[in-house]
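Enquirer: So you can see what is in the structure, the chains are spelled out below.
There are 2 protein chains.
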Amino acid sequence: VYEILARTVYGKRKKAEVGVDRLVAEGAFAAAFPLHEGPFQLPKQDVRPDDLNRRQVLYFYWARWSKWYKYQPLDHIREYFGEKIALYFAWLFYTAWLLPAAVVGTLIFVSGVMSMGTNTPSEEICHGGSSYRMCPLCKTCKAWNMSDICTMAKLGYLFDHPGTVFFSVFMSFWAVTFLEYWKRKMATLAHHWDCMDFHEEEQERPRPEFAAMAPTVEQNPVTGVKEPYFPEKTRLSRMFTGSMVIVLMLCVVIIFLVTVVMCRGIISVMMYHTGSPVLRTEAATIANISSSIVNLGLILLMGQVYTALAEQLTKWAEMHRTQTQYDNAFTFKVFIFQFVNFYSSPFYVAFFKGFVGYPTNYGTLFGMRNEDCGPGGCLIELAEQLFIIMVGKQLINNIQEFILKVKAWRQRRSLANVLGGKVSHEPHRWEEDYQLVECGGLFEEYLEMLQFGFITIFVAAFPLAPLFALLNNWVEIRLDAHKFVCEYRRPVAERTQNIGVWFSILEGLSHLSVIANAFLIAFTSDFLPRLLYQYKFEKGLHGYVNFSLAYAPLNYTYKAFRDNDGNYTLFYWELLAVRLGFIIAFEHVVFFVLRAIDWIVPDVPESLELKVKREHYLAKQALAENQEALL
Amino acid sequence: VYEILARTVYGKRKKAEVGVDRLVAEGAFAAAFPLHEGPFQLPKQDVRPDDLNRRQVLYFYWARWSKWYKYQPLDHIREYFGEKIALYFAWLFYTAWLLPAAVVGTLIFVSGVMSMGTNTPSEEICHGGSSYRMCPLCKTCKAWNMSDICTMAKLGYLFDHPGTVFFSVFMSFWAVTFLEYWKRKMATLAHHWDCMDFHEEEQERPRPEFAAMAPTVEQNPVTGVKEPYFPEKTRLSRMFTGSMVIVLMLCVVIIFLVTVVMCRGIISVMMYHTGSPVLRTEAATIANISSSIVNLGLILLMGQVYTALAEQLTKWAEMHRTQTQYDNAFTFKVFIFQFVNFYSSPFYVAFFKGFVGYPTNYGTLFGMRNEDCGPGGCLIELAEQLFIIMVGKQLINNIQEFILKVKAWRQRRSLANVLGGKVSHEPHRWEEDYQLVECGGLFEEYLEMLQFGFITIFVAAFPLAPLFALLNNWVEIRLDAHKFVCEYRRPVAERTQNIGVWFSILEGLSHLSVIANAFLIAFTSDFLPRLLYQYKFEKGLHGYVNFSLAYAPLNYTYKAFRDNDGNYTLFYWELLAVRLGFIIAFEHVVFFVLRAIDWIVPDVPESLELKVKREHYLAKQALAENQEALL
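Chains as they are written, first to last, in full-length UniProt numbering: chain F, 1 to 631; chain Z, 1 to 631.
Worth flagging that the hints you see were computed from the coordinates, not collected in a lab. Hints are not guaranteed to be accurate.
As the list makes no split between identical chains, a pair holds if one copy fits it or if it spans any two.
Derived SDA-like pairs: lysine to any residue, alpha-carbon spacing no greater than 20 Å straight-line [what the hints assert, rightly or not]:
#	residue 1	residue 2
1	K183	A143
2	K613	P206
3	K84	T151
4	K407	Y132
5	K407	G441
6	K226	L610
7	K611	F198
8	K226	Q621
9	K536	D565
10	K353	F40
11	K620	C195
12	K142	Y272
13	K185	L610
Here the structure is a predicted model, which means the values were calculated and not measured.
Could you put the whole structure together from the sequences, leaning on the hints where they help?
Expert: Now the structure itself:
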């Protein structure tokens with residue numbers, strides 16, 4: 001990109017902006033960066049804290065593992081790195097809010113483990129012996145006994161008991177309360193750092209790429225200064241380009257999803273044909289896990305492709321004038337990409353898997369029978385998927401850290417080559433800093449917010465998600481701190497008053513999570529069928545397993561509320577009405593309460609608002625006096 | 001109130017604010033008001049427009065019936081009456097937006113009338129003869145033939161055909177588009193009138209009542225000026241007081257609702273026992289209409305009580321410092337009151353009427369059988385109610401106009417008494433203006449916004465509502481204009497940048513309307529049962545009437561999807577699932593699209609935003625230069 005840019009700049013020299021960026025782009029300089037204030041290593045002899053430079057202070061009090069239990073010194077971070085990076089670390093404060101969610105989630109999980117033994121339906125499955133002969137799972141497979149899947153049925157209860165329903169309601173409120181808090185925190189920080197009235201468009205210069213590409217020069221409508229100008233495409237045509245790409249990308253994701261589904265089916269059939277009894281009973285699980293790993297690989301591969309594509313799109317197709325506009329457009333696009341990328345597979349498992357039809361009339365896709373969820377229910381498969389994605393992502397993060405180290409090492413070697421080992425003097429600050437890696441921006445860091453989706457959208461399936469997220473973020477804070485203080489060149493400080501488009505994304509995620517949880521509880525979980533069974537027959541869950549099975553020809557059974565001809569029973573329709581009614585009630589109540597919270601809690605803390613008004617008032621007074629003095 | 005206030009002011013003289021308001025309150029002056037600029041009557045001989053005073057200009061170009069087709073001269077209104085009143089007339093501009101809604105609504109209604117004859121179910125009812133013997137409607141009533149209600153069934157189709165479904169979707173989008181437009185309009189006007197940065201709390205003085213009641217004097221946290229101070233109750237305790245009153249009021253409304261329901265039942269039974277065949281067949285309609293009128297009376301009575309109650313509450317319990325805060329709190333309270341007051345009865349008819357149980361097992365309330373909707377369906381009853389309430393309100397408006405005239409006349413007479421008829425000189429301006437009525441504020445005018453609810457919330461039942469609203473508002477504009485120019489004393493001009501809490505109310509109404517329409521179409525309308533019947537039996541609507549009837553003992557029939565034992569049939573449960581599914585689909589799609597519209601359309605027009613930024617920038621530059629000049 002730099003090469004192309006440099007050539008473009010040459011071509012349009014008369015209009016191009018000048019500055020160090022251009023010299024770097026043209027290759028006159030190898031790099032340009034602000035210097036660190038000194039080494040981060042602490043001096044060996046004892047020194048007073050006053051003698052430390054600011055980098056050492058940050059290292060000593062913040063960027064070390066041994067400080068894991070400490071708050072983050074946001075003001076110091078801001079002083080050294082600027083508002084943008086400080087705000088990122090302030091955002092990581094959401095880690096603290098994860099604590100209650102993690103505790104409740106763990107309690108829910110533990111209560112599931114405790115009551116696992118006393119669960120009537122899984123007891124009935126385990127002690128059913130050969131009384132329930134289940135339909136074969138594929139054309140050439142054999143029938144099987146329901147008691148074979150005793151373990152899975154017991155495990156399934158872990159992810160599908162009344163506690164998870166409570167937990168998903170809890171997490172909806174948690175998410176909204178957190179966002180309300182974050183809004184207030186953001187306002188307070190922006191005021192504290194004096195960037196509340198920071199308007200990007202007024203003060204930001206055009207991006208160098210924009211300046212290089214712009215065909216004409218025109219007056220900036222705000223400042224009146226002549227600036228490179230690009231005839232702005234209309235908002236609508238931009239949107240159109242953007243949406244077309246998103247649609248294209250959706251198609252690709254769906255193709256990959258189908259691939260993974262087919263892959264899972266093939267693995268599953270292969271397992272059955274090995275003949276090994278262990279492989280046969282665990283076929284679904286093995287197929288599920290292995291295809292999840294394939295899926296993860298695809299996700300990561302596609303993620304790279306998508307990000308590159310989005311960068312090109314944002315850069316060449318849309319031509320945003322300022323860096324902030326560019327960042328927002330890019331962020332939004334990549335987020336949509338990544339969201340569909342990461343979440344399509346869990347969504348498929350949660351809501352679309354299991355539409356199998358019934359024996360003698362199975363639904364098919366490309367000649368293969370539609371997938372059914374394993375005997376433990378869809379929720380346990382969803383939990384497996386989420387676990388693999390979350391842990392997998394963590395693994396990739398570690399690999400990325402490793403790549404960073406390799407980069408740093410190569411940088412250092414190339415510099416050593418240049419100097420030719422003939423360094424006689426104490427290395428200069430700029431030499432030392434040149435050995436460090438260039439900071440790649442906060443985009444990748446913020447993309448971790450996908451995590452927020454995992455802990456809210458599918459929380460009903462995986463109550464341990466907040467705990468994992470908490471542990472991950474706890475590590476992340478010190479890891480990132482260490483990177484910024486010790487491994488990165490000092491980035492150019494940037495001002496900002498909020499986290500930009502990320503906040504809208506978070507809000508969207510929290511709303512989506514309410515809807516997803518409602519559907520998850522209503523359709524994927526076994527919660528409502530059990531409840532309705534208990535209510536209708538007034539004998540607890542005794543006989544529920546038998547009741548939930550339908551008879552196929554040859555006296556085989558399968559899980560569905562159908563009569564012997566495959567038509568839905570009255571209970572099925574009653575249950576459907578209950579399910580849909582539950583969704584309506586859940587969404588209306590939760591959204592209403594959330595709106596009420598949003599309405600009652602002011603976005604700016606009252607004391608801060610008074611302060612701002614006071615300042616406003618004083619400024620006006622001062623202006624009036626000033627003018628009097630002039631007259 | 002003035003008496004009490006005057007005494008309070010006397011008692012706490014040292015802390016009280018001084019000014020003309022206090023002198024009026026103490027009776028030293030009879031009144032204090034800004035003067036009109038002259039007579040509104042046009043001079044008899046021809047004059048050039050430049051010679052007219054501003055009041056005459058307003059009268060000539062705006063406040064006359066003959067100008068009904070003209071836009072409103074907002075800038076002139078603002079110049080003469082101030083921003084607050086001008087903004088009210090700008091709001092009335094929503095009249096123009098009603099035009100498309102009224103046209104579409106009328107088309108829908110006409111298409112209903114056109115297709116009334118070709119409607120299969122009502123044909124089947126009319127030609128059924130005595131083949132359907134219906135269950136008696138009360139204990140002592142007789143059974144009746146379904147063909148008796150042929151007319152009602154035909155009329156019912158007017159309010160319950162596929163067009164109304166389309167219309168309610170259309171109106172949801174209409175409402176949101178209108179609000180988006182209004183947001184932009186409001187921002188433009190606020191900028192145009194230079195009150196965008198108007199912060200009430202900085203510039204508004206405490207209300208006289210507040211000053212009089214305040215026990216101590218403290219520094220204003222913003223201006224630093226010593227001011228009467230009232231130890232502010234916490235937000236929460238205020239909310240609590242407010243909610244308690246609202247709950248209390250809800251109870252009262254429900255009691256009145258039950259009264260009206262009982263009243264309707266009693267009238268209906270009485271009709272049956274008159275023996276007249278006409279009265280018998282139309283019993284339900286007559287009962288419905290007469291009880292609607294009773295209901296309207298109660299609504300108006302309670303409205304007066306509520307408003308008085310809310311005023312007291314806001315004044316004494318909450319103690320708001322500024323007039324704006326007071327107005328907002330008062331407005332919100334009265335709106336909630338009036339909303340429940342006006343809408344509870346339509347809500348009852350739309351959603352709660354018709355839970356009657358089945359023969360041999362009727363549900364009862366205080367020993368009376370629960371009400372069922374008339375044979376035309378609940379929608380036609382709802383339409384009747386809405387019609388009566390809307391027309392009734394219009395009637396009351398006219399009565400209020402009359403009261404205003406009476407007031408003006410009394411004012412004039414009392415002044416004549418004071419002067420004793422010994423007026424020799426040409427009357428002074430202040431004498432003429434004193435004869436006018438004091439302007440009661442815009443609150444009553446804005447309360448007309450309840451109308452917005454009628455045309456959005458129950459639009460499925462009454463497609464003509466937008467047309468009525470349009471006609472009403474068209475008249476209202478010139479009527480209000482005439483009042484302000486000719487009949488009111490000139491009000492003190494007030495600044496404001498928006499319509500305050502009313503906007504939130506409108507937004508709430510538009511959201512509520514989506515939900516209400518979804519439920520109305522799903523449950524109250526016959527749209528979905530018919531659709532499902534057509535889909536399942538593939539023979540159009542033939543036989544639908546027979547299918548929708550259930551058999552009671554003695555071979556009587558009644559309208560329900562039940563078997564002979566009174567249990568719900570499979571079709572009922574299927575239908576219930578379809579209904580709930582429809583609600584979910586409708587709400588998600590509509591809300592999603594609405595959110596997208598809200599997100600895509602910027603709240604402030606782009607050109608205005610540039611202008612504001614430019615001004616901001618110039619101000620900053622000027623400040624910098626100013627400071628340089630000082631140094």
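Enquirer: Have a look at K353 and F40 and pick one of within, between, both or neither, based on CA distance no larger than 20 Å.
Expert: neither (54 Å within a copy, 76 Å between copies)
Enquirer: One pair to classify: K620 and C195, alpha carbons no more than 20 Å apart. Within, between, both, or neither?
Expert: Both, since 19 Å and 15 Å are each at most 20 Å.
Enquirer: Checking an output row: K183 and A143, CA cutoff 20 Å. Within, between, both or neither?
Expert: So K183 and A143 fail the 20 Å test inside a copy (57 Å) and across (65 Å) alike.
Enquirer: For the identical chains here, do K226 and Q621 meet the 20 Å Cα criterion within one copy, between copies, both, or neither?
Expert: between (34 Å within a copy, 17 Å between copies)
Enquirer: Using 20 Å as the alpha carbon limit, work out where K611 and F198 are close: within a copy, between copies, both or neither.
Expert: For K611 and F198, both the intra-copy (17 Å) and inter-copy (17 Å) Cα distances are at most 20 Å.
Enquirer: Classify it for me, K84 with T151: is the Cα-Cα distance of at most 20 Å met within a copy, between copies, both or neither?
Expert: neither (50 Å within a copy, 71 Å between copies)
Enquirer: Please work out whether the CA atoms of K185 and L610 approach to 20 Å or closer within one copy, between two copies, in both situations, or in neither?
Expert: within (16 Å within a copy, 29 Å between copies)
Enquirer: Give the relationship of K142 and Y272 under a CA distance limit of 20 Å: within one copy only, between copies only, both, or neither.
Expert: Only inside one copy: K142 and Y272 sit 9 Å apart there, 70 Å across copies, limit 20 Å.
Enquirer: Evaluate K536 and D565 at a C-alpha cut-off of 20 Å and name the case that applies: within, between, both or neither.
Expert: between (24 Å within a copy, 18 Å between copies)
Enquirer: Regarding K407 and G441, is the shortest C-alpha distance of 20 Å or less found within a copy, between copies, in both, or in neither?
Expert: within (16 Å within a copy, 72 Å between copies)
Enquirer: Classify it for me, K407 with Y132: is the Cα-Cα distance of at most 20 Å met within a copy, between copies, both or neither?
Expert: Neither way: K407 and Y132 sit 60 Å apart in one copy and 87 Å across, limit 20 Å.
Enquirer: Is the C-alpha distance from K226 to L610 at most 20 Å within one copy, between copies, in both cases, or in neither?
Expert: between (40 Å within a copy, 16 Å between copies)
Checked against the numbered hints above, the structure violates hints 1, 3, 4 and 10; every other hint is satisfied.
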